[in-house]
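J.: Spelled out, the chains give:
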Amino acid sequence: MSGRRTETGGRIDRLRTIRFTFDGKAYTGHAGDTLASALLAAGVTLFGRSFKYHRPRGLVAAGVDEPNALVTVLRDGTREPNVPATQVEIFDGLVAESQNRFPSLSFDLGAVNGLGGRFFGAGFYYKTFMGPVIGPLKGTRVWMLCEWFIRRAAGLGRAGRAADPATYERVNAFCDVLVVGSGLAGLVAARAAALEGKRVILAEADATMGGSANWSGERIGGRPADEWAEDTTAELAAMDNVRLLPRTTVWGYYDGNTLAATERVSGHKAQAAKAEPRHRTWTIRAGTVVLATGALERPIVFPGNDRPGVMLAGAAERYANEFGVLPGRRIALFANNDGAYRAAAALAAAGAGIAAIVDVRPAISEGARMLAGMAGGELLLGHAVTGTQGGTALSGISVRRFDAGRPTGEARALPVDCLAVSGGWSPVIHLASQAGQKPVWSDERQAFLPPEPTQNWLGAGAFTGAAITAEALAQGRAAGLKAAGGKADRTKQPEVEAPTLDPAPAPVFEIAVPDGREKAFVDFQHDVTADDVRLARREGFVSVEHMKRYTTLGMATDQGKTSNVPGLAIMAAERGVPIPEVGTTRFRAPYASVSLGSIAAERHGDLRPARLTPMHDWHVEHGAVMQAAGLWFRPQIYGLPGETVEQAYVREARTVRAGAGIVDVSTLGKIAVQGPDAAAFLDRVYTNTFSTLPVGKARYGLMLREDGFVFDDGTTWRLGENDFLMTTTTANAARVMQHLEYFLDVVWPDLRVHLTSVTDEWAGAAVAGPDARKVLERAVTGTAVDDAALPFMGIVRGEVDGAPVMVCRLSFSGELAYEVYCGAGHGTHVWEALVEAGEPFGIVPYGLEALGTLRIEKGHVTGSEIDGRTTARDLHLDGLLSKKKPFIGSAMANREGLADPDRLSLVGVVSLDGRPLNGGAHVTLAQSGPGGLGESIGHLTAVCYSPALQKYVALALLRGGSALHGTRAFVSDPMRGRFGPVEIVSHHFFDPEGSRLHG
Amino acid sequence: MLIACPYCGPRDVAEFTYQGDANRPRPDPASTDLDAWNDYVYQRANPAGPHREYWQHSGGCRSHLLVTRNTLTHEIAGVAFVRSAPVPATKPAPAAPRKRPASRKAKP
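Quick note, the sequences are listed as chains U and C, same order. Note that the working numbering gives residue 566 to position 567 of the first sequence, counting from 1, and the numbers run on in steps of one. Note that the working numbering gives residue 48 to position 65 of the second sequence, counting from 1, and the numbers run on in steps of one.
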């Protein structure tokens, strides 16, 4: 293990040592290190095994573009897989492990796949497993057999199974100018806009602002560029109108200049602060966006280019300058452009030996030549690297003359432990591509440059193809001023001291070695080789979209950041067409991996809003098991000690039928429908007539949708001539409100009706049972409640223990029953008074289970039957369809298909084997069992044990409906293994004449 | 996407509910012409370009708005209260003549 840390230099804090673990081994690094730089400093070259061939892989990059060094970070019992080691900031106690290796990283059995590489080329799965029938085995059958092994062998990190204890949050932000990227262009853009007084957000994906200023080694205004960037950042931080967002990746550009970003808030800390989320997703709405996202260096494709120790030149420079780590002791560079020369000089200055600079170009600029002199080592112009040697670390490279696009002459061996490669630069145009036209190919820069915007953004810096820092500063200031609506500033920019280099690379993307046996990789992360691209062409997958899907190039977690352009270039060369003719890559969000947790944020678990009725606490205190019903919580049962759920609801339902029960109905949707045309409006929205309803009476009503299917039902009370109180089902309350508002706004704007949602204003309690009237007589004052004063569907106003109430006599249970409504604030007071008044009659509170049982016994429908697919006829509610007036859905309800007697229609079902029935089970006429399932004629919608019938019963929607009454059939529920005989009966199981509710 | 509610001001699309195509005249309520109702309930032109549609500011003032939105770019050319923008008596000419399924009246 050789130490690779330089004696001095770098932006790390050498006084702070940080301890962490990688693959079970303890390491140390310094504050400011990434996992990649700290391991590299410790002499680690092997970071992972490749996706398909399990080849040993090392670091290629130093930033978000890293394709190889993916690790899993273990924390609090959870696993975060597929994180580039270059993106993990180390902290004390960090535990990370490598991926896709067995049993260990250095000895990986899966590497045997590499030997079969010939067979695992592009299209391997399609050809092998979709092929002809071989004996008894169909291609797909073979696939199923092999899938398990292949899935284990090929892959990335493993997701964890444990629940994630971390929290995530979402935040909305607004600004005049959003600057994406805090390199020098971004910094000066933010500063220029901020000085104009605009609200500015500056987002930087890395931990430190400054971008390449942190490792370029250039000088600005007579000072090192990183110090200049630090000072500018401090100046911005001190301004009230600027928000700096480090560790924040802007990954999506959406309509209306809305951008999505994820901030890594606490994952890099040993201990998250209290209430600090792990990630925070920002939705940023910006007046103008300045894209200063920089550029990513491209590798060159050549045989053995994936050997650990082969990395990008800019990354090598960054490890040396920013982290004080030498990626090798004896380094060669390989380039098609001038950029690598600055890296060579920087590596030499940091103490590395430069063996050679290999350049495919026969001639280079003066600036490059000067840097080569500073770097030392051989300058091999018109040469190319044609091979690499070594196992899990590079030991040498082969170099040949490179002439007219081909390697010629004898190979020369150079012993080196690091090869730094530069194949040119690709501007990071991902966000621009999401908010712009097609990217534009530049022959001069050999890169796709930003497209014409379709949204409000400006570009600056390397993103635009700017190659030198002075240009980036000028562009940044101009973009910042323009975004802020300020005047152009012609004052002098600070002086930049940097070598003068030629920005144009040679158009060389691949060093193709004829009969080369070694693979040359285009996409490291998905193990796609240059030969795979050629194979795709031979088999006709020549456009970019086809090539991408056939070879999977660019489809890994790095989304082809380093591989897209080389892949296109190789395909273009094979076809003999210019690169843009192969196609341009459009980029979709997200730019980098985003945690699903940060998108869901608070929208799960405990942070979902809970709607509680006014009597909620009483229910809980009295033993209720609360059940979620949408956002509401309602009592399921009020269980006694030792009772099962079934025992509890059977007891509750039985008590209601025998004496009295009370149930909380506050959750019902309630809408005040008021105005001179309220009655006319209700006539149009309900299938039945409400204009004839006398004041002080209620009526059950049915609503259809425009297509003629049943929408909702409920009672509506006429409180005054122009004043109605509509109740809806709990689940549909919001939808009904929206439906009514639509018709008033859009269809009948002439109607003078006002709607108010009053669901939360009223508390409701239903008292049901033969003794219900006696309970009310004891509780209600100020009004009589006898049959004359309060007939069925009548409404009276009175008081319960001083609280004003409204009482309506209506029944869902089939018993004599009353709904008592009061102001929500009096809810518990009135409820307690009613319970107390019911004590002599043995009143019990009952929950949803008993409520359901009582309604099933009566054959009343709810959401289980009003499922959006049933008509009034299906539910035997066609008596409510008025023939005297049109209503919403009246014409469509008469469509021929909706009158088909074969439609599913409501019936009752009784279990004949004395066993419980399952909701959702199918019903068959033929005997059905595990050995053979009969043909389904429908399904059970609601099930219970009926204490009144002393049988297990269900409501069902069956083909044929009432014609089946008296028929023996079978339930068929293969999922839960429930089969058995049933009898189909009327859905009115109990008291079909309704004598009881008239008490 | 931002919708400039005439009452509340520009608001994020998350506050709104899409309430359908605004280019479909509703038949007279008393009409029993099933073809007309079928067109109203089911047939949509689905144009690629400017489209008049209803949005309700359900997370705000709850007004229904008539929004002219380009379905290709999400560019919004106009927003008005539906109540002050009368429903079209006749439907604008669709981009291409619509074919009615011939078998609609036949029993499946």
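These aren't lab readings, by the way, just hints derived from the structure by calculation. Check before you lean on any hint, since a few could be wrong.
Below, a sample of chain C positions facing chain U; criterion: calculated Cβ distance under 7 angstroms [to be verified]:
#: 1; residue: Leu(-15)
#: 2; residue: Arg7
#: 3; residue: Pro8
#: 4; residue: Thr15
#: 5; residue: Arg27
#: 6; residue: Leu55
#: 7; residue: His57
In silico contact screen, one side only, chain C against chain U (beta carbon under 7 angstroms); selected entries [what the hints assert, rightly or not]:
#: 8; residue: Met(-16)
#: 9; residue: Cys(-12)
#: 10; residue: Gln2
#: 11; residue: Asn6
#: 12; residue: Arg9
#: 13; residue: Pro12
#: 14; residue: Ala13
#: 15; residue: Val24
#: 16; residue: Arg35
#: 17; residue: Val65
Here a beta-carbon is modelled for each residue, glycine too, at the ideal position from N, C-alpha and C.
J.: Hint by hint, note whether the structure agrees.
T.: Against the structure, the hints come out as follows:
1. Leu(-15): Holds, because the Cβ-Cβ distance from Leu(-15)(C) to chain U comes to roughly 4 angstroms (cut-off 7 angstroms).
2. Arg7: violated, 11 angstroms
3. Pro8: With a closest approach of 10 angstroms, the Pro8(C) hint is violated.
4. Thr15: holds, 5 angstroms
5. Arg27: Violated. Min distance 13 angstroms.
6. Leu55: Since chain U brings no Cβ nearer than about 10 angstroms to Leu55(C), farther than 7 angstroms, the hint is violated.
7. His57: holds, 4 angstroms
8. Met(-16): At 4 angstroms from the nearest chain U Cβ, Met(-16)(C) passes the 7 angstroms test, so the hint holds.
9. Cys(-12): violated, 13 angstroms
10. Gln2: Since chain U brings a Cβ to about 6 angstroms from Gln2(C), closer than 7 angstroms, the hint holds.
11. Asn6: violated, 12 angstroms
12. Arg9: holds, 6 angstroms
13. Pro12: holds, 4 angstroms
14. Ala13: holds, 5 angstroms
15. Val24: Hint holds; Val24(C) Cβ to chain U Cβ min 5 angstroms, cut 7 angstroms.
16. Arg35: At 12 angstroms from the nearest chain U Cβ, Arg35(C) fails the 7 angstroms test, so the hint is violated.
17. Val65: holds, 5 angstroms
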